[in-house]
Structures are given as structure tokens and as C-alpha cells.
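S.K.: Taking the hints into account, I'd like the entire structure generated from these sequences.
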Amino acid sequence: MTATNTTPMVKQYRELKAQHPGTLLFFRLGDFYELFFDDAVVGARELQITLTARHKEHAEPIPMCGVPHHSAANYIARLVRKGYRVAICEQTEEPSKAKKLVRREVVRIVTPGTPVDPQLLEPRESVYLAATCAQGETVGAAFLDISTGEFRATQASGTDAWAVIASDIGSYSPRELIFPASLTPLVRAGFASTPRTKSLPIESGGPQQYSNDSTPNASTIFAGATLTPLDDWLWQSEDSADLLKQQFGVRSLDGHGLTSRTEAIRAAGACLRYARETQRAAAAHISDILYFEPQDHLVLDSLTVRNLELVEGLSASISHSLLDVIDETATGMGARLLRSWLLRPSIARGEVEARHGAVAELHASHIRRDSLRSRLKEVADVQRLTGRLNLGSASPRDLVALRRSLDQVPQIREALTNSESSLLQVLHESADELADVRGLIASAIQDDPPAKVIDGGVIRGGYSAELDEVRALSRDAKQTIAAME
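With this note's numbering as the guide, the letters of the sequence shown map in order to residues 1 to 485.
FRET-style restraints, in silico, Cβ to Cβ:
1) L308 - G357: 23 to 29 Å
2) T92 - Q411: 42 to 48 Å
3) P450 - L298: 46 to 52 Å
4) S182 - A431: 45 to 51 Å
5) A223 - G439: 44 to 50 Å
6) Q246 - P95: 35 to 41 Å
7) Q479 - T329: 55 to 61 Å
8) L298 - S252: 29 to 35 Å
9) Q246 - I367: 45 to 51 Å
10) G334 - S422: 18 to 24 Å
11) S371 - G439: 22 to 28 Å
Pairs of lysine-lysine residues, derived as DSS-like cross-links and limited to a Cα-Cα distance of at most 25 Å, are as follows:
12) K97 - K452
13) K11 - K100
14) K97 - K11
15) K99 - K11
The hints are simulated quantities; they were obtained by calculation from the structure and are not laboratory data.
The structure presented is a predicted model; accordingly, all values stated were derived computationally and were not measured.
Note that beta-carbon positions come from the ideal geometry of N, C-alpha and C, so glycine has one too.
M.R.: Laid out in C-alpha cells, this is it:
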């Protein structure tokens with residue numbers, strides 16, 4: 001190794017890279033994110049940007065490429081869509097305050113199954129991280145949409161357990177599937193009864209997507225999913241249970257339907273741990289989990305969903321799916337819910353009849369229906385807004401969008417007054433207007449704040465006496481200094 005490869009900055013890079021194997025490290029240098037060594041070769045190829053080198057005059061120059069920090073989100077999105085995992089390394093101290101080398105830390109890891117940035121999300125589709133594990137003839141699975149906090153788990157037992165869980169995984173169409181490394185051959189075989197034993201070609205930062213003809217089951221069940229094996233020791237049932245109880249603030253998981261559901265607990269714990277580690281945050285919006293039995297809904301495998309054209313047409317050029325025909329939802333939240341109902345139809349008669357009753361009442365009353373639609377059109381994606389707030393990635397404009405969305409709740413409740421449908425009655429009675437939250441945001445945040453907090457001008461004058469004083473000192477600095485003299 002040459003002297004150029006052992007400089008303090010390169011040493012810092014290598015240490016951070018070693019701590020985050022299997023990722024492309026976006027290393028912040030001033031106004032750019034740089035990639036070095038093998039990451040640079042991969043990044044330049046996949047992003048179609050120039051591959052250059054650091055210390056070209058030396059015998060062993062360091063391959064490098066980079067992207068501007070202000071447009072990095074788009075480049076990261078392109079890599080993640082290809083199945084790569086990207087570790088974002090930021091400067092965590094001011095260069096002027098650094099004694100020698102600026103301190104840097106990985107602040108977030110973006111993976112196909114854990115996106116929160118709008119560039120990586122489709123407004124009308126959920127993005128799931130799935131986990132699966134097994135012990136004997138019992139197989140567990142969990143599904144997490146970290147952008148909204150939706151969290152579900154299940155398990156099945158018996159000789160057909162893998163087939164049952166495979167169908168459930170297929171119905172969620174996860175972007176990423178995590179599993180114990182010891183199950184790698186079985187997962188790659190798509191849970192086939194005679195799994196292949198060839199090891200997965202997992203490379204540093206590379207996508208692990210399999211859709212070739214030699215593994216037809218895997219390509220059918222896990223189409224588009226990045227396969228991510230994790231060390232087996234991360235799947236301990238006791239550790240998973242403790243993590244879930246800590247997350248939900250409970251002493252027992254009995255109230256969440258997880259009593260004696262060991263494999264479901266293991267899968268859910270792995271999902272939550274992976275989400276928290278990639279986000280470097282507690283993810284407080286993940287506050288509950290729903291346990292379901294595989295037989296709680298009609299199980300539709302991926303081939304059935306495709307052939308029935310439930311959510312996508314058979315022709316790539318023309319979309320004539322059932323979802324296209326019936327989706328008149330006014331919000332992304334409603335669109336995602338409708339999509340999930342089509343992919344996992346309820347078989348509970350009472351639930352289905354309640355939905356039909358609500359639809360019939362709104363269909364018969366165009367005044368009430370139009371009133372609701374006009375209000376709902378003013379509602380932003382509150383689920384994802386609160387997700388970004390809890391993960392620390394929200395902008396000032398997200399807060400304003402949340403307030404304006406909550407401003408619609410009283411009118412929505414009013415439109416539901418005197419409903420005959422039991423479902424609409426429940427919505428009317430249970431909707432929280434969150435007047436305290438609306439009031440706090442309105443009193444603290446400007447109506448038209450900048451996109452970033454760092455730009456200043458986010459907090460209203462009069463909200464904080466201390467901030468008002470600092471602003472006055474900054475604005476009237478010359479007069480203040482003159483007065484002091």
C-alpha cells in the first residue's frame with residue numbers, strides 16, 4: 001500500500017467502509033459526495049458519471065467519482081432502484097473547528113426496502129421490507145413499510161408452511177427480503193422443496209436480485225426484491241421480543257397477538273432492528289404491530305394477481321387493471337389502502353359488509369360524497385409526513401403540509417355527521433382533530449417557510465423571545481456595537 005493510500009482521510013474512509021460492508025459509501029467532502037476504490041468503479045458505471053482518480057501522479061492512484069450534495073438524492077435513488085445499499089457519510093463537525101481531520105459518521109443507510117425520501121416512493125404504492133425465518137416446520141414472516149409505520153407479522157406451521165408464507169410474501173411484493181444467512185439456498189430457490197445449494201454471489205454494495213430462468217420460483221415470488229441475508233445471531237427470539245417490547249413500550253407482547261408466535265416475533269424483531277439500524281433512529285412512528293393468520297384473507301399468489309390484472313395490466317404499454325378502473329381515491333393513503341384490499345381480500349363477512357354499506361351510502365348521497373372529496377383533496381400524505389418527522393428527515397414545509405392537512409379534519413368529521421353506515425359512524429366518532437398539534441405548528445412555523453431549516457426564517461417572530469433577541473442582535477449588530485462603545 002502506497003503512502004497516498006494511508007493518508008488520514010483515506011484511513012478514515014477505509015475504517016468507515018469496513019464498518020458498513022455490502023454498501024456503496026457516499027463520503028462527504030465539502031460540497032460533494034465522493035466514492036473511492038471499488039465503490040467508485042461501480043458508482044461511475046451505474047450512474048454513468050466520470051470515473052477519475054485521486055493522486056494521479058502516484059504509482060497507485062485511487063479511483064474516485066462524485067456527485068454534488070444538493071442533487072445526491074436523485075443519484076442515490078437510481079442506485080437503490082437497482083438494488084444497491086447506500087451508506088451516507090456526513091461531516092459531523094465544522095471544518096473550522098476540526099483540529100486535524102474533520103469528523104465524519106454514517107448517518108443513514110438507504111436500502112431498497114427502507115426508503116423514506118420522496119424520490120424513492122410512489123405516492124399510491126406501499127414499499128415493504130419483508131423478513132422471513134423458520135424453525136422446524138414453523139415459518140414466520142413480517143412486513144414493514146418504514147415510510148408509514150405499517151407493521152404486520154404472521155407465521156404458519158406444517159408441511160406446506162413455506163408455500164403459505166411464500167404466497168403471503170408475494171402478495172406484499174416487498175422491495176427487499178431479509179433472512180438468516182443459513183437460509184440463503186432455500187430463499188434463492190424460492191422456497192422450493194429441493195433448494196439449490198449454490199451460494200449467492202454477494203459482492204460489496206452489489207444488488208442481490210435474482211430473476212433468471214434457472215430459479216423460476218424465486219423470480220416469481222420475489223420479483224423485483226433485493227435479497228439480503230443477515231447473520232443468524234441477529235434472529236434470536238428473546239432479543240427480538242425485548243426489542244419489540246421496548247419499541248411499543250409494553251411489558252408483554254400478548255396484547256399484540258404474538259403469544260407463543262416465536263417465528264413471527266423473530267421475523268418482526270429482525271425487521272425492526274434492520275429499520276432502526278439503517279435509519280440511525282428510534283423510528284417512534286412504528287408504534288404497533290398487527291398479527292394476522294394466513295387464513296384471515298384470501299391468499300392470491302403472484303400469478304393469479306397478474307392473470308386477473310388486479311393491479312397491473314398484462315400489457316406493459318396499456319394499463320387496464322381492475323385498480324385502474326375503480327381507483328377514484330383522493331389521497332395516496334386511500335390509494336395504498338385500496339390496493340392492499342385488492343391484493344389481500346378480506347374473508348370476514350362483517351368487515352366486507354361494513355365497507356359495502358359505507359360505499360352504498362356515499363354513492364347515494366352525492367352532496368356528502370362531494371364534500372368529503374373536496375376536503376380529502378386538501379390532505380397531504382399524513383402517514384409519510386409523520387414518518388419523516390419521527391425519523392428526523394422532515395422539512396419545514398412538511399410541518400406546514402401537516403398542519404394544513406389537519407385543518408381539514410373538523411370539516412371531514414362534519415361531513416360524516418348523522419351517517420347511517422356503521423363504518424362511517426366509527427370514523428366520525430374516532431377522528432381526533434388534534435387541535436393542540438395544529439395550534440402549535442401554526443404558532444411556531446411560518447406559513448411559507450424555506451425548504452431547509454439551515455436557510456433560516458422557519459420560526460415565526462414572537463414564538464420564542466430568545467430567538468427574537470438573537471435575530472435582533474444579528475439584524476442590528478452595528479447599532480448594538482456602537483451603543484456598547
